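Numbering of the sequence shown is given in my numbering, commencing with residue 362 and proceeding in unit increments.
Among the hints, erroneous ones may be present.
[Stated by the list, open to error] Now the in silico label distances, taken between C-beta atoms and shown as ranges: (1) Ala514 / Glu408: 19 to 25 Å; (2) Gly551 / Gly385: 38 to 44 Å; (3) Glu404 / Leu487: 48 to 54 Å.
To be clear, the hints were calculated from the coordinates, so they are not data collected in a lab.
Since we're looking at a predicted model, the values are computed, not measured.
Positions of the beta carbon are idealized from the N, C-alpha and C atoms, including for glycine.
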Amino acid sequence: MRIALDQHGEVGTRTGRILLGEPGLEALGLVARAPRDDDARLERATEVADYDLLVSDDTEEPVVVVRTALAAGIDCVIFADGQGFDEEYGPRFASADRTLLIGANLASGIAPALASHETARGGEILEVGVAWTEPGSPLRRGEPIPFPDPVGARWARPSPTEPGYAAFVAPVLGPWAGAIARVTSASAGGVVTRIVGVADLAAHLEALALAAAALAIDAYAPGAHRPAWAAESYLAAALRAGLDVAAYSLETR
362 MRIALDQHGE VGTRTGRILL GEPGLEALGL VARAPRDDDA RLERATEVAD
412 YDLLVSDDTE EPVVVVRTAL AAGIDCVIFA DGQGFDEEYG PRFASADRTL
462 LIGANLASGI APALASHETA RGGEILEVGV AWTEPGSPLR RGEPIPFPDP
512 VGARWARPSP TEPGYAAFVA PVLGPWAGAI ARVTSASAGG VVTRIVGVAD
562 LAAHLEALAL AAAALAIDAY APGAHRPAWA AESYLAAALR AGLDVAAYSL
612 ETR
């Protein structure tokens with residue numbers, strides 16, 4: 362795989378380091394940047410059309426990245442949520458037989474992918490909830506969320522999300538971030554609530570979310586998608602790249 366990386370901050374830098382740890386990577390081209398490391402796979406990307414995929418952590422003008430990939434006829438993965446990009450660019454990428462992955466981040470990528478993974482375990486799904494952190498002053502009341510350490514338990518507020526599950530966001534101070542999924546299901550054995558979560562340095566988690574989408578790109582059909590739409594492949598790529606997941610169950614018979 363040949364990947365062009367459009368990096369704008371620490372998330373992009375860490376994403377590049379994660380991608381360089383992938384054995385199948387043939388080349389990592391840095392857009393508008395000269396490589397500073399001596400890895401033979403690192404190069405300056407002068408023509409993005411020479412690559413299979415364009416990856417970007419740009420949150421200011423992600424539409425420019427999307428249009429660049431579309432014009433070059435290559436796949437694209439963006440960190441930004443890109444509201445409305447599905448409808449506007451999905452058909453155009455599908456017509457070009459290329460894939461656009463939107464929202465490859467902790468909130469829109471890892472959190473719902475954890476939920477999708479758990480709901481696929483079977484049983485009658487009774488309740489699904491996800492939560493994640495974002496920078497900000499901690500709340501003193503709200504929904505209690507049991508993030509793994511070092512984030513720990515936090516208060517969270519409701520957040521708009523796709524139909525099918527409840528979502529909450531917990532503001533935190535400091536360098537740490539986390540995400541969890543809580544799925545309650547029923548079977549012949551009783552009712553089980555399964556909680557899975559991640560916690561790490563915020564920039565590292567966001568970089569894993571972005572890098573995993575790039576590594577799992579072949580799991581998505583042409584058109585525009587969100588990472589959780591192929592949750593198994595996406596999480597497998599994230600785990601291979603170094604994501605650690607904590608899990609526990611509460612059973613009621």
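**OP:** Compare the structure with the hints numbered earlier in the document and write down the numbers of the violated ones, lowest to highest.
**Re:** Per hint list: single violation, 1.
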